[in-house]
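A.B. asks: Each chain, written out:
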Amino acid sequence: MTTKILYAEDTVDLNRAVSVVLEREGFQVTACHDGVEAESALAAEAFDLAILDIMMPGKSGLDVLRDMRATGDVTPVILLTAKTEVDDRVDGLMAGADDYLPKPFAMKELVARVYSLARRNTDYGTGNLSYADVELNAETYELKARNSVRISPVEFELLRTLILHPNRTLSVDFLLGRIWSDEDDADEATVSLYVRYLRSKLEGIGAHVTVSERGGGYVLEEVETV
Amino acid sequence: MQGDVLMGSQETIYGANLAEMERLREEVTASLEVLRRQICEKTAFDPIEHILSRVKSEESMRDKCRMRGLPETAHSALVDIRDAIGIRVVCAFRSDVYLVRDHLAHLEGFEVVEEKDYIKNAKENGYRSYHMILRTADGRVPVGCEPVSAGDEPSRGFYIEVQLRTISMDTWAALEHHMKYKKQAPANERLIVSELKRCADELASTDLSMQALRDLILEEL
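First to last, the protein sequences are chains E and F. Numbering-wise (our numbering), the first sequence opens with residue 189 and increments by one. Numbering-wise (our numbering), the second sequence opens with residue 9 and increments by one.
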């Protein structure tokens with residue numbers, strides 16, 4: 189599974205240099221040059237990690253981060269700041285940043301922090317999850333709303349991925365790469381079937397949540413009537 | 009649902025109503041067989057796996073009256089207690105349960121007096137079934153069920169208790185029944201209770217997967 193990184197930095201040379209280093213490390217990098225561009229990239233697809241420069245034209249990295257967290261996006265974020273003021277670091281962490289790095293930084297330190305956060309996301313990101321009235325137990329695979337059912341490991345991975353990126357359309361390719369990366373036979377029909385399973389189970393437990401199809405991808409969202 | 013009532017016994021708690029009760033039991037099951045054939049022709053899927061029905065045995069009914077502190081009379085058996093006639097419909101798929109439910113809810117000559125959806129609202133222990141109590145709505149009332157005391161409810165018709173469930177819910181309920189009615193509680197009762205709940209939730213999950221698959225297959229036909 190390739191870790192997908194969104195990287196927003198307005199200094200063109202630095203942007204290019206960091207992107208090259210990260211790509212050489214095997215990460216898939218989407219480079220943006222201002223906050224607005226970063227925001228539309230974040231809205232268009234799901235990332236495993238975002239690196240945001242604080243000082244950017246259009247929209248600051250801090251504002252991008254705040255909007256992400258306000259919409260329930262829990263993607264890990266590293267903030268890059270030219271300022272080493274305590275207040276800026278505190279603002280960043282309070283706004284929901286997972287880590288920060290003061291500029292200028294050593295490339296290998298950035299890479300180490302990226303690895304650290306990416307690892308945390310896969311190793312420790314298996315706690316209990318919830319979305320609207322749905323609870324998903326990571327140990328027992330119990331899916332619960334008004335009722336409960338036990339779902340299968342693949343269904344669990346799919347729902348976990350959807351819950352970690354709520355209200356965001358996840359492409360079939362992203363889901364295939366995330367959940368079925370070891371299975372060559374898996375294709376669009378596989379994803380579609382597992383989405384059906386989840387829908388059926390969410391409805392079966394009386395959840396006010398469903399998985400909808402949108403623009404060739406899938407999105408977890410709330411529904412009013414069950 | 010054990011043992012049928014001995015026919016022709018003058019001692020029966022049901023008094024002169026037994027023949028009518030058997031007739032009603034057959035009327036409802038016959039209507040289910042008709043529904044079954046219609047759906048089979050339309051979808052090639054048999055919605056019903058099997059139907060069990062019975063009139064509660066003399067002994068069970070008298071036991072139940074004693075347990076509930078009721079006099080052993082026709083009024084107790086046919087008005088206070090509402091499962092003298094019982095029908096259990098076991099379906100292949102979850103949606104079939106609701107199909108049968110809709111059929112019974114619109115059955116001519118009967119009205120639904122109570123419904124409990126323990127499928128959408130499973131019991132704490134994992135029990136799942138759809139319960140309905142029907143009552144005849146055509147003026148037929150049991151004989152000899154006149155209220156005895158002032159507080160007694162007058163008889164308005166014959167009651168029929170219906171339980172609807174899928175095969176997996178039925179299997180689960182049968183096993184749970186064994187455990188619940190064992191004379192001595194098993195030593196590892198807590199483990200068994202929690203494992204039964206886990207199995208109920210896994211079976212429900214499989215039922216829902218099977219439903220999704222069936223819907224997909226029917227869509228593509």
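Hints were generated in silico from the structure; no laboratory data involved. Computed from a predicted model, the values in this text were never measured in an experiment. One thing to keep in mind: the hints can contain errors.
[What the hints assert, rightly or not] FRET-style restraints, in silico, Cβ to Cβ: (1) E:N355 <-> F:V120: 37 to 43 Å; (2) E:A326 <-> F:K50: 41 to 47 Å; (3) E:D370 <-> F:D71: 57 to 63 Å; (4) F:E227 <-> E:S359: 22 to 28 Å; (5) F:R148 <-> E:E376: 43 to 49 Å; (6) E:A326 <-> F:Y189: 32 to 38 Å; (7) F:K50 <-> E:T328: 45 to 51 Å; (8) E:R307 <-> F:T51: 49 to 55 Å; (9) F:D160 <-> E:E412: 44 to 50 Å; (10) F:T37 <-> E:E345: 44 to 50 Å.
Just so you know, even glycine gets a beta-carbon here, dropped at the ideal spot from N, CA and C.
A.B. asks: If a hint holds in the structure, say so; if it doesn't, say that too.
C.D. replies: Hint check:
no.	hint	in the structure
1	E:N355 <-> F:V120: 37 to 43 Å	holds (40 Å)
2	E:A326 <-> F:K50: 41 to 47 Å	holds (43 Å)
3	E:D370 <-> F:D71: 57 to 63 Å	holds (59 Å)
4	F:E227 <-> E:S359: 22 to 28 Å	holds (23 Å)
5	F:R148 <-> E:E376: 43 to 49 Å	violated (58 Å)
6	E:A326 <-> F:Y189: 32 to 38 Å	holds (36 Å)
7	F:K50 <-> E:T328: 45 to 51 Å	violated (40 Å)
8	E:R307 <-> F:T51: 49 to 55 Å	holds (51 Å)
9	F:D160 <-> E:E412: 44 to 50 Å	holds (45 Å)
10	F:T37 <-> E:E345: 44 to 50 Å	holds (45 Å)
Hint check: violations occur at hints 5, 7; the rest are consistent with the structure.
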